[in-house]
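Visitor: What follows is each chain in one-letter form.
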Amino acid sequence: MTRALWRHVRLAFFLGGVGLHRLSAYRVDFVLGAGAFLIRVGLQTAVVGLVFRQIPVLGGWSYHEVLFLLGFSLLPRGLDHLFTDQLWELGRKLVQRGEFHRYLIRPVNPLFSLLSERFFHPDALGELAVGTFLVIWSGSSIGLDLTPLQWAVAPLLVLCGALIHTSVKLLFASLSFWTVTSLPSMYAANQVSEFAAYPLDIYHSSLRALLTWVLPFAFTSYVPCVYLLTGAAGLVVWLPVVTAGALALALAVWRRGVNAYEMTGS
Amino acid sequence: MNRSPLPEVTSGTPVRPAARVRHYLPFATAGLQSLLQYRSSFVTTGITAAAGAAVSVFLWRAVYAGSPPGGGPGGFTAGSITTYLLMAQILQILHANRVDDEVAAEVYRGDVAVMLVRPVSYPVVRFFACLPVVAANAVLVGVPVLGLFTLLVPLTVPRPADVLLFLVSAVLSVLLAFLVNLLTGMTGFVTTNTWGVRMVKQSVVAFFAGQLVPLALMPGPLRALASALPFQGMVDAPLALLLGRYDGVADVAGVLARQLGWVAGLTVLSAVLWRAALSRLEVLGG
Amino acid sequence: MIVAENLVKEFRLAERKPGLAGSLATLFTRKHRIVRAVDGVSFTLPAGSKTAYIGANGAGKSTTIKMLTGIMTPTSGRCLVRGIEPYRHRKDNARGIGVVFGQRSQLWWDLSVPDSFRILHRIYEIPGPVYRRNLALYRELLDIDALGTTPVRQLSLGQRMRAEIAASLLHDPPVVFWDEPTIGLDMVLKDAVRHLVNHVHRELGTTVVLTSHDITDIAAICDSALVVDRGRVVHQGSIRDLLRTADRRSVLFDHRDTTAPERACAGIEQGLPGVSASPAEDGRIRVDYPVDRFTSRQVLAFLLERFDLVDCYAPEPDLEDVLRRIYGGGRPEPVPAEIPCGPAAGGA
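Line by line, the protein sequences give chains C, Z and S. Its first residue numbered 118, the first sequence is counted upward by one per residue in our numbering. Its first residue numbered 2, the second sequence is counted upward by one per residue in our numbering. Its first residue numbered 228, the third sequence is counted upward by one per residue in our numbering.
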């Protein structure tokens, strides 16, 4: 068991290296992809700026606090994007075109095999760069002073957030095993995750509940930001539980999907 | 590699217009057929659209929550800004014609070469193939989303004349969206990362069309820039007419004329670029 | 090495009606029907055999291969590859098999072939010497270096197939499944592939299961055949046995007589009813005869008696004809031979 795990970890590093190597071969693609995210996030920031031209406080959050939230939301999203965006291919066409079988004839875990196809999506570096910049810049504008505990927990918050993003993506991508293509529902879930870029306080309570307990995107940005900005523990203690639950559910659906694929084939 | 002559695609023996349209109708029904195979996609597209609308509606309603009933920033009220943002999302559904994806994919796979041996013009084929997509999206996604929001949030009711003007303007906006997506898809001739290009297009169009923020709420220079771009005719222009945010007949004529001008301009641009792309294809041998 | 026991695979197919009205109808209701793609197939393939898995389109070939490679689970029955049920122990099975699906790529779409091989090297944990030896072999036989650093998606079909075939053998698998492996290859490369598989088989005793529409592939690579029709095994045995099931054989001969070829042919057809004779190129005469009515000996005896033969040969029966007949339906009941002339004789 541990031996198999180690083997996959070593393979992951190797494949990451291949991905980096590819980066140099597709320089224009990389610049375009990362640039695309830069522009997208830049315009999103501009919208926040335009909102705060009209009002000083949004749902109890100041301009820099909202920017901090926006920037922080990009970190787990970017981290997830960096490693697991091959899942979009699964939702889009792998089952539809009968190409999924190639992950079943390799002597590694099929999910690993799928992700390994493109282990490193440099486009995500655009998101991570803007996110880091916004967090640092708005954090220092607020005069944010984190306690040692908060510093220690911060990377874990990002990691758990990324795993929640991955879980939701995996779950919706796995639906394609039954529905042939699940791209529209992946888009829908992705669109819902956009809610997490703004303070939850501006939404209707039913929507807040949805984002907290059904599609738990609140745990990828709002909940950790409340903790980092105010120090109030509140919901953040639930983060590990929610992450584990989401991951377990997504993996279960994936596994059932692979079994269903074996029954029906392409 | 053999330099084989390419078939003539854009011109040919003159055909009566009616016969021409008949040539392309099969592409329209085929487009609809392949669309209907994935019935669940309408539900999910609806959810995506509703979620997208909800984000901006909640955001801006928070801004207008405390504004006076006579009108807050940009002359909007809570009701009219909600109507604006919701209708912007509905227009965006009509603009999601998949032309950029499909053209880019066919260029990438080299399937365009197959299309070129058929006695029809590829861009026109794409146009007809996207019509049923637009129609199906309007009926199966646009109407339900509009109905849902009518139940949930207070909206302003437009004047009947403004609705008619909006419909004319919306048709032009659909044409603009087709052309913009066609041009986006054609970047597949020069880059393999059309995904990145499409993403840039999506964000730039959403922002500068006024889908996320009405142009009236942008600061002067930004608004001037947005007005000078074709995207303004995709969302902001039709909605200005719908909400009666114009000044007399001349203003209306100006709005429509600007849209029409951009449609003509982008048509010429895509025709020129398409020919250029074909000659490039010929050099590469497909 | 490979065992199938009462292997059954059924599919549920959604029924789609043609046309636009049909699409609209299926938007609201969907009917399903059950199709039995593999119908109680049983066979055993010994280690080191090279078997052609033959069947018409839709005969259940691909489905059976998918079950043997672990991609699909049978509806009932079971199969064993190296003593493992592939769909139960997919990873273990994957280590010991090499697969080519001619229509679909196994390689990394936007990586070059050398990069793909480096990944396979790691994934299959191929020992260094084996890896280097195999690369050298592919370099020699398949000219794999010529593929360079082009991403796989930009390779031509023939180039890609070379890489796919090499990839399937890279880890010295004891069993290989090749589904249409010579698609897109020209004659020279086809020869190279045949040479390669025969070399690997000789050196390592690899068990080969092959499907192909190319009869020459089958004849050049395989020593035994498994013929499936409508999901059932209708023939298993050596290729030679398969050829022996041919219902018609031919003889071509040259002679010194001055008779006009047309008259000679008419004479043969009259003398041996049910036989067809026709002038072939170079003044030869071709005689086709049904094996259920005449033995070779009877035909030859007749010809020797009537003509002054100078040369004569009997080609192997055409595999394609044999298969066409098998796909077309059952074999006809043998009819006792009536012998109108020539010496009576025993079996050929």
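Note that these hints are calculated values from the structure, not bench results. One should not assume that every hint holds.
Unchecked claim - Computed spacing ranges between beta-carbons, pair by pair:
(1) Z:221 / C:373: 12 to 22 Å
(2) C:170 / Z:230: 14 to 24 Å
(3) C:138 / S:440: 52 to 62 Å
(4) C:349 / Z:169: 18 to 28 Å
(5) C:331 / Z:155: 21 to 31 Å
Glycine included, every Cβ here is placed at the ideal spot set by N, Cα and C.
Visitor: Next, verify each hint and record whether it holds.
Guide: Cross-check of the supplied hints:
no.: 1; hint: Z:221 / C:373: 12 to 22 Å; verdict: 57 Å, violated
no.: 2; hint: C:170 / Z:230: 14 to 24 Å; verdict: 21 Å, holds
no.: 3; hint: C:138 / S:440: 52 to 62 Å; verdict: 39 Å, violated
no.: 4; hint: C:349 / Z:169: 18 to 28 Å; verdict: 54 Å, violated
no.: 5; hint: C:331 / Z:155: 21 to 31 Å; verdict: 27 Å, holds
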